[in-house]
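Trainee: One letter stands for each residue in the lines below.
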Amino acid sequence: MGRIQLKQVKKAFGDVVVIPPLDLEIVDGEFVVFVGPSGCGKSTLLRLIAGLEDTTSGVIEIDGEDATALPPAKRRLAMVFQSYALYPHMTVRKNIAFPLRMAKMDQAEQDRRIEAAAKALNLTDYLHRRPGQLSGGQRQRVAIGRAIVREPAAFLFDEPLSNLDAALRVGMRMEISELHKKLKTTMVYVTHDQVEAMTMADKIVVLQAGVIEQVGSPLDLYHTPRNKFVAGFIGSPRMNLVEGTEAAKHNATTIGVRPEHIDISTTEGLWQGTVGVAEHLGSDTFLHVHGVPGCDPVTVRIAGDVALNHGDTVHLTPRADQIHKFDAQGLRIS
Amino acid sequence: MARAVTSQRKALNTVVAWSIGLLIFFPILWTILTSFKSEAEAIANPPVFMFFDWTLENYSVVLERSNYMRFLTNSVIIAGGSTLLGVLIAVPAAWSMAFVPSRRTKDILLWMLSTKMLPAVGVLYPIYLLCIRLGVLDNRAALVVILMLINLPIIVWMLYTYFREIPGEILEAARMDGATLKDEILYVLTPMAIPGIASTLLLNFILAWNEAFWTLNLTSVDAAPLTAFIASYSSPEGLFFAKLSAASTMAIAPILILGWFSQKQLVRGLTFGAVK
Chain R
1 MGRIQLKQVK KAFGDVVVIP PLDLEIVDGE FVVFVGPSGC GKSTLLRLIA GLEDTTSGVI
61 EIDGEDATAL PPAKRRLAMV FQSYALYPHM TVRKNIAFPL RMAKMDQAEQ DRRIEAAAKA
121 LNLTDYLHRR PGQLSGGQRQ RVAIGRAIVR EPAAFLFDEP LSNLDAALRV GMRMEISELH
181 KKLKTTMVYV THDQVEAMTM ADKIVVLQAG VIEQVGSPLD LYHTPRNKFV AGFIGSPRMN
241 LVEGTEAAKH NATTIGVRPE HIDISTTEGL WQGTVGVAEH LGSDTFLHVH GVPGCDPVTV
301 RIAGDVALNH GDTVHLTPRA DQIHKFDAQG LRIS
Chain L
1 MARAVTSQRK ALNTVVAWSI GLLIFFPILW TILTSFKSEA EAIANPPVFM FFDWTLENYS
61 VVLERSNYMR FLTNSVIIAG GSTLLGVLIA VPAAWSMAFV PSRRTKDILL WMLSTKMLPA
121 VGVLYPIYLL CIRLGVLDNR AALVVILMLI NLPIIVWMLY TYFREIPGEI LEAARMDGAT
181 LKDEILYVLT PMAIPGIAST LLLNFILAWN EAFWTLNLTS VDAAPLTAFI ASYSSPEGLF
241 FAKLSAASTM AIAPILILGW FSQKQLVRGL TFGAVK
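Chains R and L, in that order, are what the protein sequence lines are.
In terms of full-length UniProt numbering, the first sequence opens at residue 1 and continues consecutively.
In terms of full-length UniProt numbering, the second sequence opens at residue 1 and continues consecutively.
Just chain L, same shape as in the assembly:
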């Protein structure tokens, strides 16, 4: 009896979980499906789900009309650059906060996080003006720095949490064993923190890849990443849903694939230390 109830419960849980999962995934699925429809089918009422004339026309039009590779390159440079730069700055910061904390360490961490509570548009004007004054509007290097600064609090917090999980006694043992600070970091701490560092890198790369507010506002042509590529197909006039969908699919495909292959690492990193 109890077992029957349990398996009924399990079945119910499975159904609910799948429903929620599909609900969340549905917009992406719909976008992908729409990208293979003709413009007329894309806005058909009632909408067609699977049974339509599959076509690659939208992709060829989009590829013809805009330089996808340039947008992709910009996205890779901006997301990758800001992530690497961020981790380079955050590792020493998180290290000192985790292993040689001062009385103010907690306050500094909270203050850093508080910058994430400010609506981005609140500082749009000053940053926009700064970019003009420095002549770095529509500049990839500038975006690398800006996105790095925007995500830095999260990187520091994540790394700090991972480092805190590493027992101080192991570092002390290394010191007793004759390790210099460099040896300690290179041979003991970093290998132990690799899952944490990797998942921080991944998450930050995804955040930077998807970041739209600053990339749309601070770029026009040269530095425009895939977010701008999508936006260029969203037009208030005309019916371009299918082409917009094709552009969106092309923009999210790289990150979806990356996410798919790294999900094990990502989950491991996000739950690092929770289980021994």
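One chain only, chain R, in its complex shape:
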């Protein structure tokens, strides 16, 4: 079981309130991702759940039990850190065994669990090595191994892939997702990378300045962002936010249209502009178009390769059913 509830949880460092009182429920077995720009309080929130930071006020419940005052060790949670935080003086086996040793588990059971974890994570051949002799990806797997042997109520991940190179990151992303499918244990994952959030999460929690901007499934957030911040943060490349007369035509202060929801033509269209930077990726082409009033540049995503380059004049037409409207406060007008 791993149901986590935050009730009016607040965190302040002195006079600085980093997390104003917030409520959040994490259902058992869910993969929840906290996402937001750096400094938004997502790591602090995770550390509050872990017990590595004290709450200023409010209640944290784990499986219906008040855990607010419990030390980290007593919360039955396992954490994977950005820096891996392996014990450098211990072998891989001893690293993975450490939580079991602390729990005074008998040796046979310890060995059984270590072997199983090592096998699942492809670490069997490395059990006698020290962390210093492993690659970044292997170290991360040891950190995950150390977490899974405990069979915790929930896993907490604090930006676990930030120190890996791009190719490895994609691989580890899938490994963690598969691990979740297999274990069906609650996972709370912190990242600043919205691609990680979109691809891994059952539920995304978008945070800004310690405030929850929106909670929902990845596609909920993509299709119906609650406000301008979520609209701009979720989706890659970012949503184009157009202000002024174009927005007024739709009775809104701001309208948003995603790069993939704009039709492009060289002859006719609603907005006319000039191509600035053209990024040809082969599978897609991203055009950054200047000259559209109220938004500069407008980013357009076209499937496949198109022969448009710097300086070309283009006409853009946003698809009417894919336009998001926001009021003066930045909130969605439905």
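The set of hints was computed from the structure by calculation and includes no laboratory data.
Every residue gets a Cβ at the ideal spot worked out from N, C-alpha and C, and that includes glycine.
Hints may be right or wrong, so weigh each one.
Stretches of chain R that chain L covers, calculated by requiring three or more beta carbons in the stretch to come under 8 Å of a beta carbon on chain L [claimed, not checked]: (1) 61–71; (2) 134–142.
Computed cross-link-like contacts, DSS-like style, restricted to lysine-lysine with a CA-CA straight-line distance of at most 30 Å [as the list claims (entries may be wrong)]: (3) R:Lys104 to L:Lys116; (4) L:Lys106 to L:Lys116; (5) R:Lys203 to R:Lys104; (6) L:Lys264 to R:Lys94; (7) L:Lys116 to R:Lys74; (8) R:Lys94 to L:Lys106.
On the provided structure of chain R, position chain L as indicated by the hints.
Mentor: Here is chain L on its own, set in the frame of chain R:
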């Protein structure tokens, strides 16, 4: 061409480094050589370097005249005791400063270090009087405490620097893994800080061994360590250079040997954290 310049440079660097090294080592070498000369050769003009009648006479005279083992024992007790006591007090202090710092931690560290800027003789009188009043003049335990206090700022600073190199996340990981404070210190922090703790112990032992001001001023017979042993052969009258040299050699030999065998550890400790 470039390679020739580089190797010339290297040769020059080697010569300069060796010259400086020998220059620094020369007084010690001279002391050791002199200890094997006769008193007459010791003051010969021009001085003789290697070609003289080597003799062990000075050593036998010195050993006969004074109880070397008693001085040595006192040195070991005073240097060892003050080092162990200092580390016992400094480890928790450095720990709290490194891992749970307050807004004043930096000030406290600087204030502690500032006590090292005071000339020792400035507090000789009060400490001397305190020792008389407490009846601990010429007492080994008193010297252990005094030398510990004198070196404590350095021990705390060194340990603090080493502990700061240990990433807090590793300690947090241990906490998440169910370690109590005791487990965390015993199984995670201490093993990781061992190079730092060892080099702190060594350096402090050497400092305490060589400390002369307080040991000479606060001891006479019972607690006198090797510094006092050397001083007893430095006399304004008579010609005792060879015997003085023999005494000096005997006093510095243990620490030289210790230093030689632990230099790897010492260097590793002093550069701990500089390279991953």
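Trainee: None of the hints should be skipped; say for each whether it holds.
Mentor: Here is what the structure says about each hint:
no. : hint                 : in the structure
1   : 61–71                : violated (count 1)
2   : 134–142              : violated (count 0)
3   : R:Lys104 to L:Lys116 : violated (47 Å)
4   : L:Lys106 to L:Lys116 : holds (16 Å)
5   : R:Lys203 to R:Lys104 : violated (36 Å)
6   : L:Lys264 to R:Lys94  : holds (28 Å)
7   : L:Lys116 to R:Lys74  : violated (45 Å)
8   : R:Lys94 to L:Lys106  : violated (36 Å)
When held up to the earlier numbered hints, the structure conflicts with 1, 2, 3, 5, 7, 8 and fits the remainder.
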